[in-house]
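S.K.: Here is how the chains run, residue by residue.
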Amino acid sequence: METIAFYIFAILITGLFLVTVMSKNILYSMSALAAGMVLISGLFFILGADFLGAVQLVVYSGAVMALYAFGMMFFDATRNVKEKNSSGTLVFLLSGLSAVVLVAIFAAPSIGANIKPLVTGAKGLDNPHVIGEVLFTKYLIPFEVAAVMLLVAMIAGIILASKKMDKSLSEVYIDTLPEEELKEQK
Amino acid sequence: MTLTLTHYLVLSAILFAIGIAGVVRRKNLLMLFFATEIMLNAANIAFAAISAYIGDLSGQLFALFIIAIAASEVAVGLGLLILIYKKYGTLDLDKFTVMKG
Chain A
1 METIAFYIFA ILITGLFLVT VMSKNILYSM SALAAGMVLI SGLFFILGAD
51 FLGAVQLVVY SGAVMALYAF GMMFFDATRN VKEKNSSGTL VFLLSGLSAV
101 VLVAIFAAPS IGANIKPLVT GAKGLDNPHV IGEVLFTKYL IPFEVAAVML
151 LVAMIAGIIL ASKKMDKSLS EVYIDTLPEE ELKEQK
Chain B
1 MTLTLTHYLV LSAILFAIGI AGVVRRKNLL MLFFATEIML NAANIAFAAI
51 SAYIGDLSGQ LFALFIIAIA ASEVAVGLGL LILIYKKYGT LDLDKFTVMK
101 G
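Protein chains in written order, with my numbering: chain A, 1 to 186; chain B, 1 to 101.
In case anyone wonders, no lab produced these hints; they're calculated from the structure.
Some hints here could point you the wrong way.
To be verified - For lysine to aspartate or glutamate, the following EDC-like pairs were computed, each having C-alpha atoms within a straight-line distance of at most 16 Å:
{"hint": "1", "chain 1": "A", "residue 1": "LYS116", "chain 2": "B", "residue 2": "ASP56"}
{"hint": "2", "chain 1": "A", "residue 1": "LYS116", "chain 2": "A", "residue 2": "ASP126"}
{"hint": "3", "chain 1": "B", "residue 1": "LYS27", "chain 2": "B", "residue 2": "ASP94"}
{"hint": "4", "chain 1": "A", "residue 1": "LYS138", "chain 2": "B", "residue 2": "ASP56"}
{"hint": "5", "chain 1": "B", "residue 1": "LYS27", "chain 2": "B", "residue 2": "ASP92"}
{"hint": "6", "chain 1": "A", "residue 1": "LYS24", "chain 2": "B", "residue 2": "ASP92"}
{"hint": "7", "chain 1": "A", "residue 1": "LYS123", "chain 2": "B", "residue 2": "ASP56"}
Produce the complete structure using the sequences and hints provided.
M.R.: Right, dumping it as C-alpha cells:
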C-alpha cells in the first residue's frame with residue numbers, strides 16, 4: 001500500500017517539477033511548483049513525519065507560494081518568457097556531475113549501515129509531541145537563531161519592497177533610466 | 001516489494017538534478033528562484049527519509065530549519081527582485097550585463 005502511494009507521489013512530483021523547470025509561462029510554472037509542494041507533504045506523511053508534513057503544507061504551499069503569487073503582481077506574468085539558451089557544454093558537465101552524485105547516493109546506505117541513532121526522543125509519544133520535546137531541549141539555540149533570522153528577513157522584505165511604493169511602476173522605470181536611453185526613446 | 005531508504009534517496013537525487021538543470025538552463029530570475037525551491041525540497045525529502053529509516057529525529061528538525069531558511073530567503077529575494085524589476089524593467093539575466101570592461 002505504501003509502495004503504491006510512494007510511486008504515485010514520486011511520479012507526480014517529478015512530472016510537476018519538470019513542468020516547473022521547462023514551462024515558458026511563469027504562471028503555469030508557479031502552479032506546478034505549488035502542486036508539487038503539496039504532494040511532497042504526502043511523502044512526509046508516508047515517512048511518519050507528521051509534523052514536518054503539516055509544516056510543509058502551511059509554510060511552503062501556504063506562505064511561500066502566496067508570497068510568490070503576490071510578487072507576481074509586480075511582474076508581467078501572462079507574457080511568455082523569452083530566453084536564448086547558450087551552448088550545452090555546461091549543461092552536459094553538470095548533468096554528468098549529478099550522475100556521479102546519483103551513483104554515490106546508491107552506494108551511501110551500504111556504507112552507512114552501522115550508523116547509530118543519537119536523538120531518539122521519548123518512546124510511546126506521537127510524532128509532534130516528540131518533535132516539540134527535542135526542539136525545545138536539544139535544538140533550542142538553533143530554534144532561537146532561526147526566529148531572529150525570520151525577523152531580520154521580514155524587516156528586510158518590508159524595507160526592500162516598499163521603496164517607491166507610492167509611484168506606479170512605469171513612472172519609476174522612466175525615472176531611473178540613464179539619460180542616453182531617454183534621448184533614444186524620444 | 002517494500003520501500004527502502006534508497007527509493008527515497010533516488011527520488012531526492014532526481015529532484016535535485018531537475019533543480020540544477022533549472023538553475024543552469026533558465027535565464028529568468030524568477031525561474032531561478034523556483035529551481036532553488038525545488039533543490040531545497042529535494043534536500044528535505046532526503047533528510048526526512050534518513051531520519052525515518054535510522055530512527056533519529058535530527059533529520060526532521062534540520063528539515064524544519066531548512067523550511068525556515070527557505071521562507072526567509074523568499075522574503076528577501078522577492079524584495080530584491082521587485083527592486084531589480086523597477087530599475088531595469090525586466091528579469092532577464094542577459095540584460096543585466098552592466099559592467100563595462
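S.K.: Can you list which hints this structure breaks, lowest number first?
M.R.: As far as the earlier hints go, only 2 is violated by this structure.
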